[in-house]
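Q: At position 89 of the sequence shown (counting the first as 1) the number is 106 in our numbering, and the numbers step up by one without a gap.
Because the hints were derived from the structure by calculation, they are not lab data. Every residue gets a Cβ at the ideal spot worked out from N, C-alpha and C, and that includes glycine. Certain hints may be false.
[To be verified] Using 27 Å as the maximum straight-line C-alpha spacing, the simulated DSS-like pairs for lysine-lysine come out as follows: (1) K213 x K196; (2) K213 x K244; (3) K292 x K213; (4) K196 x K325; (5) K338 x K244; (6) K196 x K113; (7) K244 x K196; (8) K338 x K292; (9) K325 x K338; (10) K325 x K244; (11) K325 x K292; (12) K338 x K213.
[Claimed, not checked] Taking CB as the label site, the calculated pair distances span: (13) K338 x Q110: 42 to 48 Å; (14) D128 x P176: 30 to 36 Å; (15) A85 x T259: 18 to 24 Å.
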Amino acid sequence: MADASRPPRAYRPNSEVDDARSDDIDGQAFHHVPVMVGEVVDLLGSVPAGVILDATVGGAGHSHSILASWDHLTTVGIDRDPAALAAAGRRLQGFKERAVLSRARFDQLGDVLDRLGVDRLAGFLFDLGVSSPQLDWADRGFSYRNDGPLDMRMDPDGPRTAADFVNSATHGEIARALKSYGDERFAGRIATAILKNRPFSSTTTLAETVVDAIPAAARRTGGHPAKRTFQALRIEINDELTVLGPALDAALDRLLPGGRGLVLTYHSGEDRIVKGVFRARTHQEVPPGLPVNPEPTGFVLLRPQAAKPGNAELQANPRSKSARLRGVERTSIETRAA
């Protein structure tokens, strides 16, 4: 294995991004504003020389800022969306061998890094959720406001669409997804309405059904009434929460001493998983009543509470409102006893 300080091989168009050659896909530019980019760049400035894994590279806004700010760092960016990788390739092409991209889901990060000969990481970033272009392009099926096919796959080659799920799942399966992944208090009512009105093929038809299923009084607050349902379906279709914990553990295992792991979350389900993984790595659980001094775990939290976007960023990018940034630093390679 190569040392983490050795730059990975350079990204080459058409080598790992399949046929995605431009950040303009069917006339639609892939433009995404990175969230809390200043905070991310500052937190990674003090890590050892080496590789930063951008586990959800998107349009490479964070990677670009990291590379432009810190000469001692290189990046490996992975994403399952070929449109995002096309945009990232164009954005990072000036950095040449300091940046490499690979099409993969973030729980495949170990395979990607092994293939590139990267054994250790100076840091990593997971920017979770869905990017602005995915929301704004109606044909991706993420939007409850714009009519499009009921798709929602982050990887357009994925095996299952949102239409497949809502048109075949049981009442219990739909209600569980809406409750677990969207914190939807009317999950049962919405599931009943979906079964009554299916099959669905378009986003607006489903959104209208969801709105009609929610009591009128509840529609007047909390944003668009279908927001939580669409969020839950997106998470269900893309297995986002199922793979998050194991992927974080795999990335943490590769951190160098002094390396830092950062995660941007956008809803409570993601944040609970991240807090749980980080707590397990930074706290040694001691049975109550035992006078035991905890041994170092090898990781420390960068701050006790999540950081949030400042007022200036909220005004410039309202979609950043729900963002929470958490981070840990590796203090040693030693790990806790099982």
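Q: Taking each numbered hint in turn, which are not upheld by the structure, reported in ascending numerical order?
A: 3, 6, 12, 13, 14 and 15
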